[in-house]
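Residues per chain, in single letters:
Number of protein chains: 2
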Amino acid sequence: MFFEGSEKKANIIIDVKQLSLLDDIADDFWLALVQCCNAKILSTIENDDCKAFLLSESSLFVWHDRLLILTCGNTRLVHSVEYFIQHMGMNKILQITYQRKNEYFAHAQLSSFGDDIALLRQHVDGKAFRFGELDGHHNYIFHQDNSFQVSGEDKSYELIAYQICQKASKKLTTVGLKSHEIRKFLQLDRLLAGFILDDFVFEPFGYSINAIKGMQYLTIHITPQANSSYVSIQANINLIALAPEFLTILAPKSIDILSFNEFEFSELTQQYIPQEYISKSLFQQHLSNNDLVCFANYIQPQTIFSQAELLDIQGQRHAL
Amino acid sequence: MFFEGSEKKANIIIDVKQLSLLDDIADDFWLALVQCCNAKILSTIENDDCKAFLLSESSLFVWHDRLLILTCGNTRLVHSVEYFIQHMGMNKILQITYQRKNEYFAHAQLSSFGDDIALLRQHVDGKAFRFGELDGHHNYIFHQDNSFQVSGEDKSYELIAYQICQKASKKLTTVGLKSHEIRKFLQLDRLLAGFILDDFVFEPFGYSINAIKGMQYLTIHITPQANSSYVSIQANINLIALAPEFLTILAPKSIDILSFNEFEFSELTQQYIPQEYISKSLFQQHLSNNDLVCFANYIQPQTIFSQAELLDIQGQRHAL
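Top to bottom, those sequences are chains X and U. If you're matching positions, the first sequence starts at 34 in the numbering used here and goes up one per residue. If you're matching positions, the second sequence starts at 34 in the numbering used here and goes up one per residue.
The set of hints was computed from the structure by calculation and includes no laboratory data. Don't take every hint at face value.
For chains that are exact copies, the list does not tell them apart, and a pair is met inside one copy or across any two.
Said to hold, decoys possible - Listed below are the simulated DSBU-like cross-link pairs for lysine-lysine, each with C-alpha atoms no more than 35 angstroms apart in a straight line:
no. : residue 1 : residue 2
1   : K160      : K200
2   : K125      : K217
3   : K73       : K217
4   : K84       : K211
5   : K203      : K125
6   : K200      : K73
7   : K204      : K160
I would like the entire structure built from these sequences, with the hints used as guidance.
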């Protein structure tokens, strides 16, 4: 059994002069929106600035003038974006970005990035880019191409850990593990002091948490299975500075860092990414919507032979 | 437009006491066999020990007691293997191995490795392994699990170059390039002195060459398109020792080395792989058919930002 941890992600900014505040919209709308990609709402937290929905496949955050949705597994997030466009009207939308990563099991996905943007382009003029090599980790980013300019203050970060160490994978696949044990293992109560937290432990394993504090958010989604492990940490607080904390606990073989509008990307990665990680990919692009996107993939060099993985009859990893 | 360079590969060893020599079989049989995976025979060379067919998608080599077939693109090589089994009978087959790599465009393939071995396992008891991380370069290898033991003398090698340098990609995508120009660029007349050569330049670009000398073979298949470039060099002569020659010309960002029964793998890679390449993956397994398989993936660390790739409406690279 495998689970595709890697997420699709959409950001939409609306014109609040033309539309009521997004976080005033009744939950039924969001319920229908997430249903479009076959996800469900598990729980909700909110503060004055933000409403955060924990989904059966990842997360939805809604602020006054924008939303962020990420969904993993075999969801077709683009259908949720289409639902939003059809119900709100493109004239009230200032900017859409749609993003997708390399997948562990690309052949099992219901669509490719190309399929998704062909659909989006029926509604939105936009440009698409790939950050990273096709034969390695990469991010596809599509953005609406209009006169809207994203503020340089709109910073966001992704820290993705692949192939976490055996100790972390074993801990996070423990049968009957409780959410407070995972919070403790990841030291989240300390790292996210002052945040409202909402988390969920999946069967047979897997963990999601949403955290909000004012306008700030941080969300973690864990697919802990050895050999296809994927830990996604996404936030609008500086995750490069937090990287050492997470890397110490997870000790992944490979990490991706993606940032929007972090102008000190090189200095920060140099300061905070441990020396044992070597930069395999390094991409940067200033998009015409004014987003500065930086992407880096790091690996830990291997000097000792590992054993090959014995596979079962479906070509998947033998059960533990 | 994209082309999937990465190959599927099958090795079959037969019992010559029960069957006439494979290379005595009429070409009609091989024509039908390669048709099963939608490939065609373009040309043939032979010597006393080996017949080598250049295919529309890669190569077929036939010796007295064995065959090696590799096919790229969207071929379903497993159907050719099934054809061989059905026409020869499993009782005359001593050993089958079937191999598949990570693909650039896995979502565009007609089957996954899991699908392929599910089909093979209807005819053959076997074991399957993955060499390499799921989120990086890897090789799947399925082998028949019987009493047959492969000889330690049966050495073979693969040297795969990904993301070749701009200069090499540009040269190899030159319109109207002739085969003798490619041989000269790769210095093949010098490196393959004494071999019988058979090569083909594809439209719009792409190049294949088969080379044989006694029992020895070497075959090269080039998909030169920038960003999905793939140069596969496969042989039963020592490609690790030849690696510096090819790496100087192609300067790829990443290379894979795979060997069967090379007992000096560590020493050879240490001696011949240039220092600028860092070992990202290193896997070794002694299979129950006595094959010792080693796999390594190397990368060139990146320290300078590259620009993201602008994609066209299908999510593919913009035309040159």
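Here's how the hints hold up against the structure:
no., hint, in the structure
1, K160 / K200, "between (42 angstroms within a copy, 28 angstroms between copies)"
2, K125 / K217, "neither (43 angstroms within a copy, 60 angstroms between copies)"
3, K73 / K217, "within (27 angstroms within a copy, 60 angstroms between copies)"
4, K84 / K211, "within (25 angstroms within a copy, 63 angstroms between copies)"
5, K203 / K125, "neither (47 angstroms within a copy, 45 angstroms between copies)"
6, K200 / K73, "within (31 angstroms within a copy, 50 angstroms between copies)"
7, K204 / K160, "between (42 angstroms within a copy, 29 angstroms between copies)"
In summary, the structure is inconsistent with hints 2, 5 from the numbered list given earlier, while agreeing with the others.
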